[in-house]
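Taken in sequence, the protein lines are chains A and B.
Taken in order, the first sequence gives residues 1 to 88; the numbers are from my numbering.
Taken in order, the second sequence gives residues 1 to 612; the numbers are from my numbering.
Quick caveat, the hints were computed from the structure, so don't treat them as lab data.
All figures in this text were calculated on a predicted structure; none of them were measured in a lab.
Be aware that one or more of the hints could be misleading.
[Said to hold, decoys possible] Quick list of in silico lysine-lysine cross-link-like pairs, DSS-like style, CA-CA up to 25 Å:
1. 7/A <-> 81/A
2. 327/B <-> 391/B
3. 245/B <-> 391/B
4. 80/A <-> 7/A
5. 4/A <-> 391/B
6. 340/B <-> 327/B
7. 80/A <-> 276/B
8. 353/B <-> 81/A
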Amino acid sequence: MKDKNPKSHWRASLRLTGILLTSWFVLGYVGPILCRDWLDANFPTIGTAPFGFWLAQQGSIIGFVLILIIYAVCMNRADKKYGYNEED
Amino acid sequence: MDISQSTLNLIFISATFAVYIVIAARSRAASTKEYYVAGGGVSPLANGMATAADWMSAATFISMAGAVAISGFDASRFLMGWTGGFVLLTMLMVPFLRKCNKATVPDFIGDRYYSRTARAVAVICAIFICMTYIMGQMRGVGVVFSQLFGISIPAGVISGAAIVFIYAGMGGMKGITYTQVAQYSVMAFSYTIPAVFIAMALTGNVVPQLGLIGNYTADGTAVPFLTKLNAINTELGFAEYTSGKLSTINLFCITAALMCGTAGLPHVIVRFFTVKDVKAVRKSACWTLGFIAVIYLTAPTIGAFSRVNLIETLHTTSYSEAPYWFKEFEKTGQMAWVDKNNDGRIQYFGPGKSEAGTFTVFQGKGPQYPEYDAPEEQRIGIHGQRLIANKADFSNPNELYSGNDIMVMANPYMAGLPPWVIALLMAGCIAAALSTAAGLLLVLSTSISHDLMKKIIKPDLTDKEEVNFARFASFAALVVAAYFGVNPPSAFIAKTVAFAFGLAASSFFPTLLMGIFSSRVNREGGIAGMICGIAFTSSYIVYFQFLGGTKEQLFLGITPEGIGFVGMLINFMVAFAVSSMTKPPPQHITEMVANIRTPSGSPKTPPEDFEI
């Protein structure tokens with residue numbers, strides 16, 4: 001068992017949260033709301049749906065689920081790395 | 001075999017009820033810990049399902065697809081707002097709050113900001129948010145019950161309230177968690193099965209989500225489904241399905257307010273206090289959003305499909321040839337037809353087809369009907385249609401009125417699906433209303449028994465007395481909710497949804513967030529921030545919803561739905577400003593904040609605190 005390292009653990013946690021929140025913002029706001037028309041015009045269609053529209057009604061939701069899965073996996077790994085692995 | 005629709009409905013609903021009651025009876029809560037957080041040992045998967053059932057109310061279940069059908073792209077704000085909020089919730093809130101090991105959300109706020117005032121403000125917010133929600137749920141249960149058993153709506157509301165009380169009031173969190181697992185299963189099946197059948201009929205695709213982005217094949221040709229939908233919409237004078245009417249900034253703010261509101265709703269946060277540890281919280285959040293996504297990815301497909309079905313089956317159809325279900329919905333007042341041009345055909349047109357730019361069928365909000373003892377020519381038209389008492393609105397040619405709420409219910413009828421699908425849908429609808437009502441009731445009762453009674457008014461309550469208080473509080477809350485279910489301030493309920501999310505976004509979300517991520521924000525800052533956020537948001541909403549504020553007066557064009565986002569920013573700014581001018585929080589609070597950031601070990605809480 002490694003020694004507990006709260007500072008590094010918190011820093012790793014903040015970094016991960018920052019990265020994932022940025023992708024959350026891109027998926028939920030930048031893509032489907034702010035740049036929707038540009039995406040519709042310049043990105044390939046998903047099936048027969050325009051990209052921005054698809055992102056707003058399907059893609060972002062799928063993306064949110066993936067973000068949470070990545071978060072859970074990476075945080076559990078960080079727990080192990082910085083010594084918070086014990087069962088209690 | 002020939003079983004009538006109502007018998008089938010009854011069989012399905014009684015069967016699901018039997019399951020719920022058995023589950024609830026087997027998991028009665030004995031202690032406060034079991035009552036508040038189900039003993040803290042629910043598996044992540046079960047908690048995920050239960051949270052998903054709790055989250056999806058009757059309104060979501062019934063009305064959301066209808067909202068998508070009517071507003072197309074603009075409805076994305078609900079789809080993204082009510083799922084994206086879980087990302088915030090999971091990464092910024094629940095793992096830390098779970099670590100703190102509190103029973104309720106106001107409990108955390110009271111301790112972190114070491115103040116009774118903060119706790120009291122939080123309790124009031126929690127009660128208000130839950131109360132607005134639960135009123136709508138009770139009404140929903142009442143309406144469905146009255147249709148099913150042929151009883152009056154008040155009797156339906158009261159029997160619904162009795163059922164909720166039996167298993168939520170008695171079983172506590174433990175009882176409702178396991179019941180909600182069963183309820184989620186019923187909801188998911190009943191929502192997706194009709195969508196699959198309809199997707200096959202319209203697009204030849206088994207997966208509805210692929211049908212939406214596939215081709216429309218029902219008439220033999222293959223055109224992209226959304227192109228087809230846009231074409232029939234514009235042909236009838238409606239806006240293109242895929243283009244939105246809301247301004248970008250408004251859409252942005254509404255989506256943000258819904259997301260932050262979601263992350264600050266006490267009845268959602270408290271669900272994550274029921275699992276074992278921080279690891280389990282993260283896992284459970286993945287399951288929750290996954291289960292919610294099943295419904296939220298299906299809603300836009302149901303909306304789009306039913307839009308096509310509605311127009312194709314009803315527009316320019318003569319009333320005498322209209323399908324039988326149209327007459328059924330006429331009976332319940334959810335659809336109505338006014339033959340403005342006396343041609344005996346149903347015409348459906350949008351605002352683009354009239355100079356006035358309107359498409360209201362009649363004057364007034366909902367259809368009004370003549371008294372049942374009125375002469376027959378006032379009740380039944382020459383084609384056999386049900387006449388309404390409202391004056392027709394002749395500024396436009398639209399003749400078809402349909403409520404938003406019927407899309408999901410009418411869908412299986414429109415697609416000609418077998419009766420058992422409709423029965424299943426009825427059961428799903430009741431499951432949605434009951435599960436949400438139960439979850440809300442629990443938060444209401446614990447806020448009152450734990451935060452108000454135990455922590456503020458009468459600190460010497462024993463564990464047992466507290467549970468009894470919780471039961472009594474849930475009974476009292478139900479009585480109030482049932483009263484409003486019977487006498488709905490109808491315009492009020494619809495408007496207060498914006499209120500609930502706005503309040504959660506401008507009070508709980510920022511206050512919790514600062515409590516976790518900053519050890520500098522102190523009592524003065526926390527309270528000032530909460531009060532300013534709430535005051536701004538609620539006065540803006542009250543002004544524009546109830547006091548007749550006009551469109552021109554809107555701040556940056558942001559509607560009341562989205563103002564919670566601005567209220568949240570105000571909360572942050574005020575809290576930081578006030579905190580920097582007053583003295584930092586005491587040592588034990590700094591230690592508490594440091595402690596909640598580490599995922600394991602025992603929680604560090606102020607000494608006088610109640611531990612669960």
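Indices of hints not satisfied (ascending): Going through the list in order, the structure violates hints 3, 5 and 8 and respects the others.
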